[in-house]
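Number of protein chains: 2
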Amino acid sequence: SELDITIASIYVEDALHFRNVPFRPDKLALYQVYQSKAIRYLFVVFPALLLGLALVENPAVKVLEVHWQAIFALELVCLIACASRVFHLRLCLQRGDFWSDVKNCAIMGSIFIMFVDMMVWLGYKVGEEKEVIRVSRILRPLLIINFSDNRNLRKLLRNIKKTVVDVLSVLVLIFLFIAIFAMMATKFFERRSLLDPHGDPYLDNFWDSYWNLYVLMTTANSPDVSLPAFRSEQAFFVFFMPFSVITTFVLMNILLAVVYKHYKMHLLEEVKVDVGIIQSNLFKAFSLLKDTNTDHISKNVWLKAYKDLGCPDNLQNLYWDYMVPNDELPGISLQAFFKITDLLSSEIEVVITKKTWLELNFPFIYNSSFSCYLRCAIEHFAFTLVYDALIVANAIVLSVQNAPAFLEDLFLALFNLEIILKIYTFGPRKFAKTAWNCYDCLVIWSATIFSLVVDVEGLHDTKNEEMSALFLDMVLTLRVLRLLKLLLSIPQLRLIVSTLMQIIPSMGSYALLLFLFYYSYAILGMELFAGKIINDTVNCGREELNGTDFVAENYCVLSFNNILYSFVILWTLTLVNQWHILTEGFVAVTSKASRLYFLSFHVLVVLIILNIFLAFVIEAFMLQI
Amino acid sequence: SELDITIASIYVEDALHFRNVPFRPDKLALYQVYQSKAIRYLFVVFPALLLGLALVENPAVKVLEVHWQAIFALELVCLIACASRVFHLRLCLQRGDFWSDVKNCAIMGSIFIMFVDMMVWLGYKVGEEKEVIRVSRILRPLLIINFSDNRNLRKLLRNIKKTVVDVLSVLVLIFLFIAIFAMMATKFFERRSLLDPHGDPYLDNFWDSYWNLYVLMTTANSPDVSLPAFRSEQAFFVFFMPFSVITTFVLMNILLAVVYKHYKMHLLEEVKVDVGIIQSNLFKAFSLLKDTNTDHISKNVWLKAYKDLGCPDNLQNLYWDYMVPNDELPGISLQAFFKITDLLSSEIEVVITKKTWLELNFPFIYNSSFSCYLRCAIEHFAFTLVYDALIVANAIVLSVQNAPAFLEDLFLALFNLEIILKIYTFGPRKFAKTAWNCYDCLVIWSATIFSLVVDVEGLHDTKNEEMSALFLDMVLTLRVLRLLKLLLSIPQLRLIVSTLMQIIPSMGSYALLLFLFYYSYAILGMELFAGKIINDTVNCGREELNGTDFVAENYCVLSFNNILYSFVILWTLTLVNQWHILTEGFVAVTSKASRLYFLSFHVLVVLIILNIFLAFVIEAFMLQI
Ligand code: NA
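Protein sequences, first through last, are from chains A and B.
Everything in the first sequence is counted per this note's numbering, starting at 755 for the first residue and increasing by one.
Everything in the second sequence is counted per this note's numbering, starting at 755 for the first residue and increasing by one.
It should be emphasised that the hints constitute simulated quantities derived from the structure, not laboratory data.
Hints may be right or wrong, so weigh each one.
Intra- or inter-copy, both count: the list cannot distinguish identical chains.
Mimicking DSSO-like on lysine-lysine, the simulated pairs with C-alpha atoms at most 27 Å apart in a straight line are [as the list claims (entries may be wrong)]:
| no. | residue 1 | residue 2 |
| --- | --- | --- |
| 1 | 1239 | 1015 |
| 2 | 916 | 1015 |
| 3 | 1015 | 1026 |
| 4 | 857 | 909 |
| 5 | 909 | 1015 |
| 6 | 1053 | 1093 |
| 7 | 909 | 791 |
| 8 | 816 | 1286 |
| 9 | 1044 | 781 |
| 10 | 909 | 1093 |
Bound conformation, chain A alone (with noise of 0.2 Å):
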């Protein structure tokens, strides 16, 4: 019993982390390991020191380039790391459970084609010293999404593929269309034979019409597309807008709506699976804790269970009491006993208002008269407006030129004051919890420090000198930021800033999916472009660049040379602008066929989970305001 009521501790435990893991009964203690908090952050660092050596592998960041050895074992040290814990799960579990999980297959079998990746690699790297195309790397985020125990990544992904499937027939919509009107296109201006502003020919063959006519459904070619027959004939006009309304305001709109539409039926999907996992554990844990003849929880075992889940002592009797309201019960039911993931998520707070460490040890200073005064003038709402209008005063001697320096010292003493009084009246601890005078410390602080450092020792060499306006325009920037403290205190404004706060979290699992998505594509765009652009060089050292948009934009420092400068080419590619001029550089280099990088890159980022970002933000803005 004593063993009963451990295992549904743990079942609780699974039930309040949504977790549904059928554990071998026998191997309790190591499974209580396996999902300990020490084990789960430690295996954390794996997955990402192997995405982490990006920077480092062919082609490295410069700074950081290391001996292809060392990563080797690196990447080496983390696969068995990541192999380990699996290996650990299999220990917890039946043979069939656990290979009948997707994710377990998942993740062994991403582990096995990297090891037998790198066992080429090394093959490759002992014999002839010959670069190797190691696509294995593309797979990281998969072992990542599979490996890590982040929930909402998982449900959004899950969410995204089912929304994929459904909103297929738009897609299909969308590219059938596009076909048509680049039949027509092929079909007007192969006999016009009319040239593009490069003195090529427009339009002419279906192929480029329906690659210019997705771009232009994005967009990002407008009006370049639609200008050399808008010249030769002004009734073409007629031609490009329909198929702009069409694509970019009416296609685009459906398959926004779609996806809304199915995300929000997703989201009541995942809702219930989340009530299934959480019943069904609690469930188990019940009935291993009722006693058989009332088909309840007796009090003996429930204060057992409760001790094994780690609660606070204090409040025992209160979760008692809220699940058994009537003393004439035999025990905790079934229905009340579901009501304890309630309990044990919302985070129970005992208040108490402490005195001040001030007005405890120096009772007369802090109560005379004159400190009274103060710390009434403090808590006046006077006192914040003064100072939110300093703020505004500072934000705006920043952006004059030329501005007094006496000002900036005469700001910063008063900012100053304001957190000396402020930590006087309401004390160290009430002060820190407000999570603006928190960062209004960090701000001012490190300015003063730095200004007293300058004014003390002075700059000397011009390398200090740089950096150190760097971190000064870093400190400045930060110190702007706190206008948009202002920004809350308008009453409209509150009610959306406090729901864009709300889902910051969720949003944190959108830029990792994204992050890791972006990774994939790097590495892919590493393997496939890597080198064939070279920044501060003439055409970007291409003769086949010559006289195209991509070096007459300069853009030859966007490139896939190292993994960050990928991301920013790929958060470019984001933006969609100009992607169309970046396409056809890495085109000029390689073949046509490198568009359908580009081209899946923008249909599932762009098209797909953007717009399944946007469904989220406006469903949280429904349900909220």
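Once you've looked at the hints, dock chain B with the ligand against the given chain A.
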């Protein structure tokens, strides 16, 4: 009582059209004339003419230039016509009722301003012959909106007005957020004195930074605006990236979410207003028609009112039975009377299966065994399949370069055969009921006639050849569009397309509103920028434009030199891409204040109207799929 019945029938009529006009019962006949279809349609002509004047007014479309006196006369006629219609309404109403309607005040006001403006114009023309600014033309769309009977348009405008008020706080948030980042950018870059690609100072003052960051929010100058900073210090990526994330992907999404939220809310309000109008009208009608003893409408009275409503004779018993299902009732109750709008607005169609002309007159042919066999074959789904395949094959042949000419004739013959066979089987009446069949006839017959004419006559001079090529292209275009029919046969797409078809009428209101909006902006744009940029000259005819992107991108063809060009450039601005380059072009030939014109257009059209349109599409799909 006869009069009462007529008045009641007018109330019912007004309820059907959601009109809420408190006409004077003693001016009944006048009001009936006012609302008669013929008069209503006639008075659509004058506002349309008034709008059309922009084609011939200075700066006129070249081929349409007209002497100013003709324009003056035409405008006067239009104004007098509009005024007379309002005067007509004034006669039907009490003084107070007329002036308490803001709509009427707006119409009278606009007509008065336009009239004064015309007199000033006349004065200038008669006196000095100097060109004069005619700002009142901007008011024309306002007149149209208030003048028109298009309820959807006014509803839409009301919704936009309300939504603008609601999203104002989000717009303020966006503008303030950009201001904060603009301050930071100024602080960063004024000390670095970087240069942009044109060699101008880079983000070194607040207003330029603000403008560039606003444009960056629209992604139009991405990545160009960040490249000078990125090249000098790659860490600046962390300034521009968060800005883009927050503005483009968070604030813009929030804007849409808030617009959608409020759009949905206002939609509900509008429905309530409509129901209110219907009910108050019907209540007034019922009060006039009811028997004061029984509080019901007797059958006698009903039959007279029914005639006044102009309903089909053969349905009067059906209507009666629908509203009085129980014979024991003394007549139509108020509750039942409210159902009348359902009856009158739904088109009850008597379906009669008629024999085809051929079957009636030549049954021995139509019913011969060969004919039966043939008809079975045509009605079989394989027939449709074969012709679907032919449409695809035809489209492919059209899009292949240099396909043999005889194939084209073959396809035409086959499609003609299809039409004949279908008419033979279904009869012309049933055939013509399907919109696609009519479309096919139009396309195929015009192509057939055209190719016959060309074969017989030949084309001699080049002018003719060019025109015929354009005509042929149009016919081909229409034919390729038949592929869209095929898309409808995919079940997953049918749902989407059917929803799309259902919202097309409402989309018409958006199109009309956007057109009127464009019109005002086009007039304003012509007053500000007409003639400033000249096509087909070096540097667009202006020294100031030398070296700008506007010239480099060959945008001289995009100007405000007449109303049609203005629409093209406003359309380009609606697609957002390159709008900053267009703006800089017009800024270069005027002043930086011109940015306000383009900025306000972007805020009103892209941020507000297009987002409301997007909300409308989303809501349509939420309700229908
Ligand atoms: Na763009």
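Hints versus structure:
When the C-alpha separation of residue 1239 and residue 1015 is checked against a cutoff of 27 Å, the pair qualifies only between copies, where the shortest distance is 25 Å, while the shortest distance within a copy is 35 Å. In this assembly of identical chains, the alpha carbons of residue 916 and residue 1015 lie at most 27 Å apart whether taken from the same copy (12 Å) or from different copies (25 Å). For the identical chains of this complex, residue 1015 and residue 1026 are neighbours both inside a copy (17 Å) and across copies (25 Å), given an alpha-carbon limit of 27 Å. In the homo-oligomer, the alpha carbons of residue 857 and residue 909 lie at most 27 Å apart inside one protomer (13 Å), although the nearest pairing across protomers, at 53 Å, exceeds that limit.
When the C-alpha separation of residue 909 and residue 1015 is checked against a cutoff of 27 Å, the pair qualifies both within a copy, at 17 Å, and between copies, at 26 Å. Proximity of residue 1053 to residue 1093 under the C-alpha cut-off of 27 Å is restricted to the intra-copy arrangement: shortest distance 16 Å within a copy versus 64 Å between copies. In this homomeric assembly, residue 909 and residue 791 come within 27 Å of each other (Cα to Cα) only inside a single copy, at 21 Å, whereas the closest approach across copies is 58 Å. For the homomeric pair residue 816 and residue 1286, the shortest alpha-carbon distance inside one copy (16 Å) is at most 27 Å, but the shortest distance between copies (51 Å) is not.
In this assembly of identical chains, the alpha carbons of residue 1044 and residue 781 lie at most 27 Å apart only when taken from the same copy (22 Å versus 84 Å across copies). In this assembly of identical chains, residue 909 and residue 1093 lie within 27 Å of each other by CA distance solely inside one copy; the values are 24 Å within and 49 Å between copies.
This entry satisfies every hint, going by the numbered hints stated previously.
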